[in-house]
Structure formats: structure tokens, C-alpha cells
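The listed protein sequences derive, respectively, from chains S and E.
Position 330 (the first sequence) corresponds to 330 in full-length UniProt numbering; numbering is contiguous.
Position 21 (the second sequence) corresponds to 21 in full-length UniProt numbering; numbering is contiguous.
Fair warning: there could be bad hints in the mix.
Claimed, not checked - Facing chain E, a subset of chain S residues (Cβ under 8 Å, in silico):
id, residue
1, Phe-21
2, Gly-136
3, Ile-152
4, Lys-265
5, Thr-351
Since the hints were made in silico from the structure, they are not lab data.
Backbone N, C-alpha and C fix where the C-beta goes; we use that ideal spot for every residue, glycine too.
There are 2 protein chains.
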Amino acid sequence: MDIAPGTLENAGPFACAWRRFKALHGKFISIVVDFARQAMKLGRDDPRRIIHSLKVGLAITVVSLFYYFDGLYGGFGVNAMWAVITVVVVFDFSVGATLGRGLNRAFATLFAGALGVGVHRLANYTGHKCEAILLGFFGFIVAAVVTFLRFIPKLKARYDYGLLIFILTFCLISVSGYRDDEVLEMARQRLFTILIGGATAVIICISICPVWAGDNLSNLVAGNLEKLASFLVGFEAEYFTNSGDGENKDSKSSLQGYRSVLNSKGTEESLANFAKWEPCRGWLRTFKYRHPWKQYLNIGALARQCAYRTDALHNLLNAGVLTPLEIRVKVQESCGKMSSESSNALKELATAIRAMSPPSTADSHIAKSKIAANNIKSLLKTGLWEDNDLLEIIPTATVASTFVDIVDCIEKIAQSVHELASLHVSFRSADVAVCPKQSQLIQNEIL
Amino acid sequence: MDIAPGTLENAGPFACAWRRFKALHGKFISIVVDFARQAMKLGRDDPRRIIHSLKVGLAITVVSLFYYFDGLYGGFGVNAMWAVITVVVVFDFSVGATLGRGLNRAFATLFAGALGVGVHRLANYTGHKCEAILLGFFGFIVAAVVTFLRFIPKLKARYDYGLLIFILTFCLISVSGYRDDEVLEMARQRLFTILIGGATAVIICISICPVWAGDNLSNLVAGNLEKLASFLVGFEAEYFTNSGDGENKDSKSSLQGYRSVLNSKGTEESLANFAKWEPCRGWLRTFKYRHPWKQYLNIGALARQCAYRTDALHNLLNAGVLTPLEIRVKVQESCGKMSSESSNALKELATAIRAMSPPSTADSHIAKSKIAANNIKSLLKTGLWEDNDLLEIIPTATVASTFVDIVDCIEKIAQSVHELASLHVSFRSADVAVCPKQSQLIQNEIL
Chain S
1 MDIAPGTLEN
11 AGPFACAWRR
21 FKALHGKFIS
31 IVVDFARQAM
41 KLGRDDPRRI
51 IHSLKVGLAI
61 TVVSLFYYFD
71 GLYGGFGVNA
81 MWAVITVVVV
91 FDFSVGATLG
101 RGLNRAFATL
111 FAGALGVGVH
121 RLANYTGHKC
131 EAILLGFFGF
141 IVAAVVTFLR
151 FIPKLKARYD
161 YGLLIFILTF
171 CLISVSGYRD
181 DEVLEMARQR
191 LFTILIGGAT
201 AVIICISICP
211 VWAGDNLSNL
221 VAGNLEKLAS
231 FLVGFEAEYF
241 TNSGDGENKD
251 SKSSLQGYRS
261 VLNSKGTEES
271 LANFAKWEPC
281 RGWLRTFKYR
291 HPWKQYLNIG
301 ALARQCAYRT
311 DALHNLLNAG
321 VLTPLEIRVK
331 VQESCGKMSS
341 ESSNALKELA
351 TAIRAMSPPS
361 TADSHIAKSK
371 IAANNIKSLL
381 KTGLWEDNDL
391 LEIIPTATVA
401 STFVDIVDCI
411 EKIAQSVHEL
421 ASLHVSFRSA
431 DVAVCPKQSQ
441 LIQNEIL
Chain E
1 MDIAPGTLEN
11 AGPFACAWRR
21 FKALHGKFIS
31 IVVDFARQAM
41 KLGRDDPRRI
51 IHSLKVGLAI
61 TVVSLFYYFD
71 GLYGGFGVNA
81 MWAVITVVVV
91 FDFSVGATLG
101 RGLNRAFATL
111 FAGALGVGVH
121 RLANYTGHKC
131 EAILLGFFGF
141 IVAAVVTFLR
151 FIPKLKARYD
161 YGLLIFILTF
171 CLISVSGYRD
181 DEVLEMARQR
191 LFTILIGGAT
201 AVIICISICP
211 VWAGDNLSNL
221 VAGNLEKLAS
231 FLVGFEAEYF
241 TNSGDGENKD
251 SKSSLQGYRS
261 VLNSKGTEES
271 LANFAKWEPC
281 RGWLRTFKYR
291 HPWKQYLNIG
301 ALARQCAYRT
311 DALHNLLNAG
321 VLTPLEIRVK
331 VQESCGKMSS
341 ESSNALKELA
351 TAIRAMSPPS
361 TADSHIAKSK
371 IAANNIKSLL
381 KTGLWEDNDL
391 LEIIPTATVA
401 STFVDIVDCI
411 EKIAQSVHEL
421 ASLHVSFRSA
431 DVAVCPKQSQ
441 LIQNEIL
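Turn these sequences into a full structure, and let the hints steer you where they fit.
See below:
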């Protein structure tokens, strides 16, 4: 939609302005269309986002009724607005986040309100001038100390919002108390309206298509394993057809999926923090302890370790320094076996995490891929290469040793998934029956 | 502090209770001492945290003066509390975060207030009952639409807080308007008190020991390069002394530092988002364009790529499958050269980023490490190994090829730092003079 400068010079001022307007108009339209397309894609990708937006609208409308109905309004007066504020601020995408913020807000208001009322009473004994100084001093101390506490990592992870609300409530109560002597009544009303707002948010969040952070975490971890699995299969296909000139670079999407695994730590940790607030429900009831979330984080960390190795493989593929195809073909069978078995193991583990069933065949897949790794090692040892330049073999040797590394990683992941299953009451008996047999299988086949 | 069950049975109930109390008391004391020690460490590690806490206390005390002085209070009445709320919510550790939140809050309040007053006027024309329905309907629509907009990644990164405040203000203004007809006056007062609170927060944040997110980002990226540099030196020392039995596992802290680089993406991105809000100042004035933050993110991404390779090296070191020491010693000189030159290049690049000076000698270090890489390649080619088992050589070959990879990564980082310097007006002339000479140097030495 840009205008060539030549045409502008020849046209009259009106025509010029009209063209400029048309160009701007076109640009505006294209921005709006782009924006709408992006928004529609977001909605299509995860329809829960649309439902969440409607839920927030509903919760605000429900809590607004306090204003519209005279009977309800009378009890709280202008303080009823805290219910609206609470709904807006507390309502989050997942139940865990909403519950966490709601509980943080409620308890922080309770404690800060009590402290504020106490300080107000204390300051009341002194004169009016002294009262202002004392209130200001306490406000300074509480704000400074609690702000510092927000830096402590453990408190920051779970109670950051609560600490913020603590400062807010304490300052509001102690400061407003200077003008308004009904400070106890004010604190009580604030607490009640916040409880009403928080309860509305939590009830609507849980009762209409709830999004559980725990489920999201479990799906994210399982999805990451699946991405690694599809990389391994894609890599094998690419490596044994690629002529090494870098032409096929970045061609397949299956080779790109693992990238999101590399930087998944932050998302996983925040989901685990939200999940800790969620009540025991459904499949979680079958756990011995309430929160196996740490185990999910362990599996996620191991998946990232695996992703670092796949990044090295991907880099090798794109660097264009490959062993000549005729040599690569000699290890194709073993490498293919290794990657397909590893990929099957990962898929099996992902399914096990999603379905909360023990990974029944993953160990045998891992054992088979270890056998394939040993085959490659003996291929390297038996001087298959003697006729060739040692330098040309090194890239393939690197691929093979990285694969062996990846198999090790996957074995650790499988151990972690077994540990997760062993925390899971209903599968404990099945798991104990399956585990030793399979670890014996590995020992027999490998050692 | 646990009590042996035997002793409890033999003692009387009072002695037993006393012991329990002593045990609990001891446990409590140890928790408090632990907590205090952790807090002191946080303060010692970064004294800016203590200063920040005091600044927040000061800002809240200053804004509380509105309540204590009758003249100031008269103008705004109970709405003056919005100033306190704004300070508490807006004041953040870095200037960028504070400014971003302040501007988001101010503009969101302005626009939402205007829309709220407009909707209130519109609803006023209908009857009292119809008004409630209309207001509820508009509240629902605005809350749902704006909540959905918060999912759009670009808006979420910079305007998430503004969108939240938009919903909040719109709902408060349109809903309160139902009871209070002075809605325009209320919107005006809210806006003014928020401006006063925001201005107080921003002025105190900037004027007393300001923490700039831009500086933090630059330091973080430079620090990551330094961590990689110290890993390379530490790895070389470890690799050529380690007997391969895994005994020295995880012994040195220099070998652990790179781990924080692996997961630095989130922190870097949020710092860059904050930095975009910060005004042009000091050394930033010398930039051609105002925001070179994207370039820092590029360097950070390349540093992470390098960290994935170092993770592979670290894993190799701990796996216990090393080439026998007598073979490793043969490549020690070249590998040592490669790691020390790479490490020097990284340190030089880090210094360049910190001091905003062009990296004058980094390119020559990289050139030298490339020469060392070529030396290793020819060592491998000239059949230095003929007497040895091929399988035993592979780990060393893998280390060598990973090192070559790392040198490639560092070269890319150097290019990015040069690009950063070329965006920097005062160094552009110096940079142009230095760059071609050095790239020629590389060409002469390598090709």
C-alpha cells in the first residue's frame, strides 16, 4: 500500500491527500484484519480461552448485582466495590491460580486488617499529632519489611500476591483510620466484601468448564516427551537422506518441535505452583500423597536435558559437515533401530503420564535401543571404517555417542515415570509386579 | 531435636510436656534463625534490595501525607486512598517496570474512565431498571472482550496490567455510577489520585539509587558469557586430570555456573520488556536508535546455544566414559589452546558488552582457537591413533567436535556484539576501522 513518490509529485493536492488517505485506510484495515485473524487463531487453538473470557464477564456481572439490588447494597455501602475489584484481580485462567490469589488475598486482608486495627488503637492513645507520626512510622516499617520479604524465593513463589495485599490493606486501614474512627467496621466490611468477591470468582471458575493447572502441567510434560519422540524419528529420516549440503535445512516441522522444550522450565514451575493450590479431585485422589507435582518437575528437567542433546543433533544436521552418505548408510540400520525404539519409549512414557497408567512396554523399548547402541559400538570397533578417512567418520561417531546419551536420558525419564506411578495408589500393585521383571529384562539383555 | 520414644514413656506427664515444648521451641528458633540468615544473605548479595524496600516505605509515607494534612485531603476525600493503592501496586524493583506499570495504569484509567462515563450517560437516558440491565450488559461485554485480548502475546507482554486496570476501572465507574450521579467527578478524582500516586512512585524510584532494567539486562547477558568462559577453562583443567572414574564429579563450582545460562530466556525477555519503558539516558544516548534491546536478546539466545554444548561436555565428563588419560594427553595442548582462547574471547566480549566498547581483541582470540581446532583435526587425520582402539578415541573425538561447535557459537556471538557496537554511534567509527582488519586476519589465518 505504499505510494511511489513520483505519482505524488504529478498529482494535485486533493488527489494526493485522497491517495494518502486511501493508503492509510488500507493499512488500518490490514492491521485490523491481521489482529482479528490472530485473535481467531488463539480462540481456535484453545477454545478454553473464549470460555474463560465469558466466565470473567459472568463473574463480574454477578458481583455487580450487589450494586443494583438495594437490599444487598445497604449492608456494605461503597465498600461493595471491593467485591468487584477482587473478582477482576483474582480470576485467573486456571483454578489453581484463582484459588491461590483468592486465598492469598483473603488471608492477607485478615492479618493486615487485624494488625492495622491494632496499630490504630495503639496510636489512638497518643495525641492527634503524635497519631499521624506513629501511623506514618508503622506504615513505613511494615511496607519496607514486607517488600523485602517479597525477595525471598520461597515466599515469592507462593505468597507474593499475599504480601502485596498485606502492605496495601495495612496502609489503607491504618491511614483511613486517621480520618474515620469506625476502623473496625471498615476492616470487617473490607474482609467480607473480599470474601464475597473471592468466593464468586472461585465458584464460577470451578463450576463452569474448570481449567486445572495440574492437568495442564501433566499435559505439558507429556507433550514435551512426544515432541522429543517426533524429533528422533524425523532426525533419523533426515540424516540418512541428507546429502550434507545443508539444503534440507530447517525443512521439517517435526525437527523444530523440540525447541519449545528447551525453555519450558518457567512455565512448568509456575503451573506446579498453581497446581499446589488445587483441591484433591478425580485421578489425584488415587495418590498416596496429595502433591506429586515435584515429580512432574523432575521429569520435565530430564526432558530438557534430553532436548539439549537433540539440539546438538539438530545442529550437526544443519552444519553441513556430515560423513559421506555411503558410510552413513552402513550404520543406518542400528541408528534407525535406536531412534525408533527410543521414540517409542518416549511416546509410551507420554501416554503413561497422560493416562496415569504405568508405562508397561517403555522399558523393553529402552532395552532394545540399548542393544542397538551396543551394535553401533561394535560396528565402530570391528574396523568397519578401515578404508575411510578417520576425520570423515567423526561426525557419525558423534551422532552415535549423542544417541547413546539420549538413551541414557530416556532411561532416567522412565525411572522418574515409574516413581510417579509408585506414588499412585491404584497402580502400585501393578507397578511393583511389572518393575522388577522389566529391570531384570534390561540386565539380561544388556549386561 | 527429635525425642526418642523410650525417654517419653519413662518420664512423668509434666516432664514429657516440658521436653516437647523445649523441642518445639528449639525447632522454632532454628527456623527463625534460618530465615534470618537467608534474608541477610539476600541483602548482602544485592544491597539494592534493601534500598528498594526503604524506597517503597518512603513512597507510601509520602503519599500518606494526603491523609494527614487537612488541606490536601479536602480536595479528594476518600478517593485519596487510590494514591496509596497506586504506589503499593506500581512500585517495582526496576525503573522500567515501575514506569511501565504506572503508564499502563494511568492510560487504562483514562480510557476506561472515559468509556465508563460515556456508557453511564447512555444508560441514563433509559429508565432506572433498564439502566441496571444496560450497565450489566456493557460490563459483561467489556470484561469478556478485554480478558480475551489479554491472551494475545504481544499485548500480554507489554500491556497486560493496563488491560486488567481497564476492566477494573470501567466496571467501577459504570457500576458506581448507578448509585452516585457525580460519575464524572468521581472519574476525574480517581484519575488525579492515580496520577499523584504514580508520579510519587516514579519520582522516588528514579531519584534514589535507581535500578535500570536495561543495565540489568546488559549485565545478565555479559555475566552469562563470563560463566561460559569460566566453564571452558574449568573443563579443560578437569578433563586432562580426571582419571575417568567419575570421582571428581561435580567438584568445581566453575563447572556448575553455566547451568543458570540454560534457563535464562524468561528473565532476559522480561528485563527487555521493562527496559523498553525506560527513558534514554547516559550511555544509551549514544545509540542510533533508542532500543538495542532486541540485540541483547539475540546475544542471550546464542549464549544459550553455547550453553547447550557445554552441557554436553559436562555430561561427558561425569559419565565416566573417557578416553584413557595417555591418549587424552596427546591432544591436551591443542584442546588447552582452544579452550583458553575461546574463554578469553568470551571474557573480552563480556567486557565489551559491559563497557559498551567494541570487542577489540575477541576476533583474534577466535581466530587462534580456530587454528587450534584445525590442529586437532590434523592430529586426528594423521593417524596419531593407529595403535589404539577406535572405540576409546571416540569420546575425545566427541569433545573435540563439540569444542569446534562451541567456537562456531562464539564466532556468532562476536558477530552479534559487533552488530550491537555498530548501533552505537560513538563507537561506529572505531568499529568500522577495527572490523575489516580483523575479519581479514581471520581469513588469512584460517582459510
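Here is what the structure says about each hint:
no. : hint    : verdict
1   : Phe-21  : violated (25 Å)
2   : Gly-136 : holds (5 Å)
3   : Ile-152 : holds (6 Å)
4   : Lys-265 : holds (5 Å)
5   : Thr-351 : violated (27 Å)
Checked against the numbered hints listed earlier, the structure breaks hints 1, 5; every other hint is satisfied.
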